[in-house]
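Protein chains in written order, with our numbering: chain L, 1 to 496; chain E, 1001 to 1484.
Mixed in with the good hints, there may be bad ones.
Subject to a maximum C-alpha distance of 20 angstroms in a straight line, what follows is the list of computed DMTMM-like cross-link-like pairs (lysine to aspartate or glutamate) [what the hints assert, rightly or not]: (1) LYS36/L - GLU46/L; (2) LYS1148/E - GLU346/L; (3) LYS1480/E - ASP1424/E; (4) LYS1088/E - ASP419/L; (5) LYS1481/E - ASP1424/E; (6) LYS1088/E - GLU377/L; (7) LYS385/L - ASP1204/E; (8) LYS382/L - ASP1424/E; (9) LYS1364/E - ASP1411/E; (10) LYS1397/E - GLU1377/E; (11) LYS1027/E - GLU1063/E; (12) LYS342/L - GLU1236/E; (13) LYS1139/E - GLU1162/E; (14) LYS1263/E - GLU1305/E; (15) LYS1148/E - ASP340/L; (16) LYS1450/E - ASP1411/E; (17) LYS64/L - ASP112/L; (18) LYS241/L - GLU1063/E; (19) LYS1139/E - GLU11/L; (20) LYS1088/E - ASP14/L; (21) LYS1148/E - GLU271/L; (22) LYS1468/E - GLU1377/E; (23) LYS426/L - ASP260/L; (24) LYS1420/E - ASP1441/E; (25) LYS294/L - ASP275/L; (26) LYS1223/E - GLU1247/E; (27) LYS1312/E - ASP1293/E; (28) LYS1367/E - GLU1476/E; (29) LYS342/L - GLU1377/E; (30) LYS152/L - GLU377/L; (31) LYS1417/E - ASP1434/E.
Simulated from the structure, these hints should not be mistaken for laboratory data.
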Amino acid sequence: MTDLVELTISEALDGLAKKEFSSVELTKAHLAEMEKARDLNAYVLETPEVALERAQRSDERRAKGTAGKLEGIPVGMKDLYCTKGVRTTACSHILDGFIPPYESTVSQKLEDAGSVMLGKTNMDEFAMGTANLTSYYGAVRNPYKDKTNPDKFLIPGGSSGGSAAAVAAGLCMAATGSDTGGSIRTPASFCGIVGCKPTYGRCSRWGMVAFASSLDQAGTMTRTVRDTAIMLGAMAGFDPKDSTSANLPVPDYEKALTGDVKGLKIGIPREYNPDKGLNSDVRHVWEKMADKLKAAGAEIVDISLPSTQYALPTYYLIAPAEASSNLARYDGVRFGLRVDGKSLDEMYTNTRTEGFGKEVKRRIMIGTCILLEGYYETCYLKAQKVRRLLCHEFAEAYKKVDVILAPAAPETAFGKDDDSTSDPLKMQLYDVFTVPCSLAGLPSVCVPAGTSDINGLPIGLQVIGNSFQEETILRVAGAIESMSGMPIRPLRMGGK
Amino acid sequence: MSYIIKGETGDWEIVVGLEVHCEVISKAKLFSGAATAFGAEANTQVSFVDAGFPGMLPVINHECVEQAVRTGFGLNATINKKSIFARKNYYYADLPNGYQISQSDHPIISDGYIDVDLENGETRRIGIERLHLEQDAGKLMHDQHPSKSFVDLNRAGVALMEIVSRPDIRSPEEAGAYLRKLRSIVRYIGSCDGNMDEGSMRCDANVSVRRPGEPYGTRAEIKNVNSIRFVMQAIEYEAMRQVEVLESGGRIVQETRKFDSVKGETRSMRSKETAVDYRYFYDPDLIPLVLDDAMIERLKGEMPELPDAKKKRFIEEYGLPAYDAGQLVAEKDIAAYFEAAAKGHDAKKVANYIMGDLFAVLNKLGKSINESPVKPENLGRMVDLINDGTISSRIAKDVFAFMVEEGKSPDQIVEEKGLKQVTDTSAIEKMVDDVIAANPDKVAEYKGGKEKLLGWFVGQTMRASQGKANPAMLNELVKKKLDA
């Protein structure tokens, strides 16, 4: 029998259905793997009791013949999702000891589908970061190694870095992520896994700790496109508790995976291929994959999204503005950390000074500033106009093409101690390919497409679709997966 | 007629705009399902949304939206099919999210007016700039513990309608009339109970002064005044203060002031320089509020008759003078009482009894019209008894008093107490004869030219009849007998 942690979700569902193993066995295998790989720091909280209890109940349900879509599948939960009775901190000191009395819609849906939560995965504080370096609980290590420097501590990308590392290393079969400006797609690219950010409104935001409400979207992190289709189907859907969630039926995403791209028009945006700011190994993988898709019968179309260059500054105005307001509730009055002071104002200041990390403070200050009278008109409103322009350009592009193929990150995973990690402006550049479709609310899936011919690290490409065209992007991603020759088995830590 | 402050250097006109916060009557809060009952135990009506917990999201309560639309109709205003919620950001311990969800540049209601009646019979039209929906904050309690403050979030998230008038108000009297009219309208509609003492209706007043005909002066905002009388006092005081400042060569600073109802004066709270920048922006957790035509039409069709229409109808249908009609329609329940009492009876007389004797009694008993000991049908019937001569107006006073005390019908009271008016000529004639026979000296004086004694004879006879003699008949008979 194959080692249980190496299975994909669809294989595991098969095995469970055939009674080859139980959910309890599957869960125990993953808990053991988590223990062996603690140096990755992928989990900030392991919940073996919750996991085993849910696995037990899952086996009972299966025995009764009432199996859900993810019945018995062990998953990691990004610490951004509020989980009833289980500590949730968004990896911020300010939420110290916060145990939500409610369950987020997404994690509830996953539980209802029969999945088994193994623990809470590490992330950038409040999902603000590209490298998982801002977590209060420390950095996450990417299980992959740079072949030119195998001892180098590589970051997994962020903000869903813990989820990405856990999925890549077999510490869960899948994990939840969240994507505001690339937080699923960048770590998916860096860790060689499939990361899908569906259309804004596809999954409920209820119970998800907010970063930037108009951009935040829940998504999936798995090792295969098929697993993404299965998991997304369980997570998505209308939620009356989230006014921005879309009241649309959820299609059977697995059915969309025909592997056939014949006749599909695939756009290659020229603005995503700048002279500077895109490494040659990434460009090479991108070009090669476009050729393969063409060979498979797709039509490659050169397109232009002229406002792409303004997407990054636009994102870094809108997201902090919303964050500055969303994070105002962390004031020490009702939950989480409180650092006393002589007056109410002093208590606020002390609590927030100690509770928030540097990057979060930086974004709160920027966001606060640009909402002030004067800056609001020149920065915030202008950013909203550019956002509408970007949406318009995407809409125009989708009159000509079915999907857009682009890199997810300009380079492969970098070192924790690289110079760039101390420069917030340089770190922002990693979001350059992911933020445009976040601003437009479009669905995008990042799928491993090859490895770097320089350092051997995985490189993902994103397939961006029009609103609610998740089926089309998954279909193309499935084709890429089958042509990429990339492994779908986890990179085991600590030996078998 | 206008309200003018006679200053040392000439005349000043006052300019006032009012911002009134009305707590919306609804079962649940504006963006959460938590209940809204007044006076519940602290922190028992709070959802995780109201308490600003992580990941919680607001969902609009359509009951509150409908109340705003109804009120919009009551204010003769434009119902905006699309409105947008925005966040007003500031830190305070009674504001769990660190922002209040309100509406900024796209309110649900705009451009309306209400007509107010003044004591001199004039009617003034006061413009309404807007009505928007927003959340109330919680309440801080500083008197529960020696070193700690407590927070009660029961009120946090309750829906408010902020109704902003145009600066059309020119006197304290107009401000009072505006508030009374506004309160009357929201009560008719049932969108707010209008109880200023419970805080379900609160008022901020923007006051400035100017020379008649000149542009507006700098205004001061007087925050949170909690009775109509205090609003009028605050405006009067503030206008005088501003005139004094200006006349002594000073300048008015734009600021927020507080009204001290004990001292009857306004005091500075903060100036514009130290004002908070609320960093308004559209709330990304909510989509624009779009009203569909069917809902607007349905609410329009369900609108009750409002004070102005009712007043017009009372004048036309019941022949009431405008002033009386205005008095009776001010409160929906009084108007309903009047109609119940006046239907098929002498409406004018019924109106007089309500505004006179009944109001006096209710006032004395501290009761509302709905608790009136006198049933409306009994009042109507009593007026009938007066008009058909069964009782005199004088006897009616007694009948009314008995109705207040015993709650019985006037017929029963007249019967039981034997209060029926004597209209039998021979009976009255006999009583007159007796009085004349018993007072020959007075008769002689009368005949000698002291005609004033006629009244004395009438009085004596009336007393002999225990007040039951028909006064007109009595008068006539006494005169006839004495002159014979």
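Hint by hint, here is what the structure shows:
1. LYS36/L - GLU46/L: holds (13 angstroms)
2. LYS1148/E - GLU346/L: Holds, at roughly 14 angstroms.
3. LYS1480/E - ASP1424/E: holds (16 angstroms)
4. LYS1088/E - ASP419/L: Measuring from Cα to Cα gives roughly 40 angstroms; hence the hint is violated.
5. LYS1481/E - ASP1424/E: holds (16 angstroms)
6. LYS1088/E - GLU377/L: holds (16 angstroms)
7. LYS385/L - ASP1204/E: Not satisfied, since the Cα-Cα distance of roughly 36 angstroms exceeds 20 angstroms.
8. LYS382/L - ASP1424/E: Given that 20 angstroms is the threshold and the Cα spacing comes to 94 angstroms, the pair is violated.
9. LYS1364/E - ASP1411/E: violated (25 angstroms)
10. LYS1397/E - GLU1377/E: holds (17 angstroms)
11. LYS1027/E - GLU1063/E: holds (8 angstroms)
12. LYS342/L - GLU1236/E: violated (40 angstroms)
13. LYS1139/E - GLU1162/E: holds (19 angstroms)
14. LYS1263/E - GLU1305/E: violated (41 angstroms)
15. LYS1148/E - ASP340/L: holds (12 angstroms)
16. LYS1450/E - ASP1411/E: Roughly 41 angstroms separates the two Cα atoms, so the pair is violated.
17. LYS64/L - ASP112/L: Holds, at roughly 15 angstroms.
18. LYS241/L - GLU1063/E: With Cα atoms ~16 angstroms apart, LYS241/L and GLU1063/E stay inside 20 angstroms; holds.
19. LYS1139/E - GLU11/L: Given that 20 angstroms is the threshold and the Cα spacing comes to 56 angstroms, the pair is violated.
20. LYS1088/E - ASP14/L: Violated: LYS1088/E and ASP14/L sit about 53 angstroms apart, past 20 angstroms.
21. LYS1148/E - GLU271/L: violated (58 angstroms)
22. LYS1468/E - GLU1377/E: violated (24 angstroms)
23. LYS426/L - ASP260/L: Given that 20 angstroms is the threshold and the Cα spacing comes to 39 angstroms, the pair is violated.
24. LYS1420/E - ASP1441/E: violated (32 angstroms)
25. LYS294/L - ASP275/L: The hint is violated at about 24 angstroms.
26. LYS1223/E - GLU1247/E: violated (25 angstroms)
27. LYS1312/E - ASP1293/E: violated (29 angstroms)
28. LYS1367/E - GLU1476/E: The given pair, whose Cα atoms are some 43 angstroms apart, is violated under the 20 angstroms limit.
29. LYS342/L - GLU1377/E: violated (66 angstroms)
30. LYS152/L - GLU377/L: violated (45 angstroms)
31. LYS1417/E - ASP1434/E: Not OK: LYS1417/E and ASP1434/E at ~24 angstroms, beyond 20 angstroms, violated.
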